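A.B. asks: Residue strings, one per chain:
Number of protein chains: 2
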Amino acid sequence: MFEPFWKEVGNSATVVIPGWQKMSYFSDPKNFCWFLEPEFANEALRLHRIVGNAVTDDRHIIVGVGSTQLIHAALFALSSTEARQPVNVISAAPYYSMYSSIADFMKSGMFRWAGDAAAFNGDDNFIELVCSPNNPDGEIREAVCGNEAGKRVHDMAYYWPQYTPMRRPADHDIMLFTVSKATGHAGTRIGWALVKDAEVARKMGKFIEMNTIGVSKDSQVRAAKILKVIADGYELPDVEAGSKFFHFGRCLLANRWKRLRQAIEASGRFSLPQFPSEFCKFLEEHAETYPGFAWLRCEDQSIVDLEVFFKTINILTRSGRQFGVGPEYVRISMLDRDANFDVFIKRISSLE
Amino acid sequence: MFEPFWKEVGNSATVVIPGWQKMSYFSDPKNFCWFLEPEFANEALRLHRIVGNAVTDDRHIIVGVGSTQLIHAALFALSSTEARQPVNVISAAPYYSMYSSIADFMKSGMFRWAGDAAAFNGDDNFIELVCSPNNPDGEIREAVCGNEAGKRVHDMAYYWPQYTPMRRPADHDIMLFTVSKATGHAGTRIGWALVKDAEVARKMGKFIEMNTIGVSKDSQVRAAKILKVIADGYELPDVEAGSKFFHFGRCLLANRWKRLRQAIEASGRFSLPQFPSEFCKFLEEHAETYPGFAWLRCEDQSIVDLEVFFKTINILTRSGRQFGVGPEYVRISMLDRDANFDVFIKRISSLE
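Line by line, the protein sequences give chains A and B. Read in UniProt numbering, the first sequence has 294 at position 294, and its numbers run on one by one without any break. Read in UniProt numbering, the second sequence has 153 at position 153, and its numbers run on one by one without any break.
Bear in mind the hints are in silico, worked out from the structure with no lab data behind them. A portion of the hints provided could be inaccurate.
[As the list claims (entries may be wrong)] Where chain A lies over chain B, by a calculated footprint (3+ residues, C-beta under 8 Å): (1) 62 to 70; (2) 90 to 97; (3) 103 to 109.
In this text the structure is predicted, and so the values were computed from the model without any measurement. Ideal placement from N, C-alpha and C gives every residue a C-beta, glycine not left out.
Just chain A, same shape as in the assembly (with noise of 0.2 Å):
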């Protein structure tokens, strides 16, 4: 859905890697993350320092395959490969549905996934992996399980000011982005991991050097230029009003969510989460909330399982099932193109 503005900005986006360069398996070898591009940590610091949603003073970068790839490092670097029992991987329902997944799929002695945090009675040995904004329902969020004892990775993808006011910069010991939500680039797989502790982040590195012996060097220095393509919209001083990404990515959010809005409003079958306006210190206003996705309820008994029923008007939805919740529930999401958007908001409406 950001396709247009980077049409829109041109040749300043486009990355041109000749034959001979970035060939080796090496971005910095002095580094203990010795595969990340400096020029990629660089404007991934800047972005952060412009937008103000994490602090990065004292926190070592990790660059991964996408976050994806990140919340695997972070599982194996707060576990122990000596533990006699897997560490309990959780999360609050509702939750994003591949966090059992990557628990679970490999059948590792390390972790296995231990369903809703809100309902864990377990011992000291967790993982809670914290969404903020959450996937699926945007709900900001903190911890749940309240013991010091556990560990934490909050995946932060959608804490960027399209989809929600920068309330303060996040102040947490693992935290994840990635450039698929921050700028729409989800085919460069690349994320980045912020995190305090430097043995932790040594393992993750470890464990990415293990996984895929390091990360495209190509895509970094693709994710460089689009990172840099957004600071200069806002720090350089003659760039032109149509530059500045995140007033774009709002502006589509906010249209697309007051019709979506509309439609379930008038279908009056069903309901959204309301989210109240807040400070943004970014935009240096209020500001309201516009998730990457929508979470709808079904308030009409006569539908039993919502995504069976979405899919009987062609509208491909995922069941609040996979998220830990009833079927009652399904996630939509927001950030498709633009036409399959008007075709989505064309058949809710034609339920009224």
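Take the given structure of chain A and dock chain B to it, following the hints.
C.D. replies: Leaving out everything else, chain B in the frame of chain A:
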């Protein structure tokens, strides 16, 4: 070491990606390997046909973040989540040092490292990793476990004409290749698998989806360009003599191996594997073998640990112990930059 070639070919190998292209997760939504860029697949298959190193008919092609991710994917695909016991992963010593770590580092309940295939006395439940030409020693290999019930993964990273004669197109169930060893572009992190069985291919794709939600499009586009330049060098009628990549690489390696063999012979303390000259169907002449690694054996009884010995004269090697054999062996890269290789030869020669 192949950098000079890529400098010579100039702009034809340069990749250019505008900011608005290749943004989506999806490359080929109708393919079960939906993250595979068709242009990359086409160029990889085209190069196999030109070189004659692998049977490509009726194979599924899966792209991965280097061949490392594809080894993980293959172990996952050949194991069962339902099995009571993890499947044994074996490889004949000396074996690539990463195989054992890849099999064990996640403590998976699906598979586990079981060591040297030649010493394996287990049941039918095994996966043999066959590296041919072998890393570290350059030997052409067949599976050593004849048991029909076992499964095999053929790591063919070095089966390219710069390293070894092309005897015949390899024809195995799962064959792994990587741009890193084929063209020198390690930083691009692109590997691919040719897979006979559709279900195995589907499970490998599933692994990559769960592990990293696909593979960098930017790197696939770049790899396609790089492979195309090599293929064009052999297929287009009007290319210059200097644009034949495999001839260039072979010439470079021949020169290095000549210098290394002279220095080793002069020292009188070490030996190197010998390889018979064989007919190469690609070059259409008898050709020597020039492995990407030198596998050095110590013949001097006064040296107990060859890696430690070389460290004293500032030559970094990897000990035979990491490859499942004794400290009288070390592996030395033949693919380093010219300047580093020169220093290495100088230091070896100083031992006379």
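A.B. asks: Determine for every hint whether it applies to the structure shown.
C.D. replies: Hint check results:
1. 62 to 70: Per the Cβ count (4), the hint holds.
2. 90 to 97: violated (count 0)
3. 103 to 109: holds (count 5)
Consistency note: the structure conflicts with earlier hint 2 alone.
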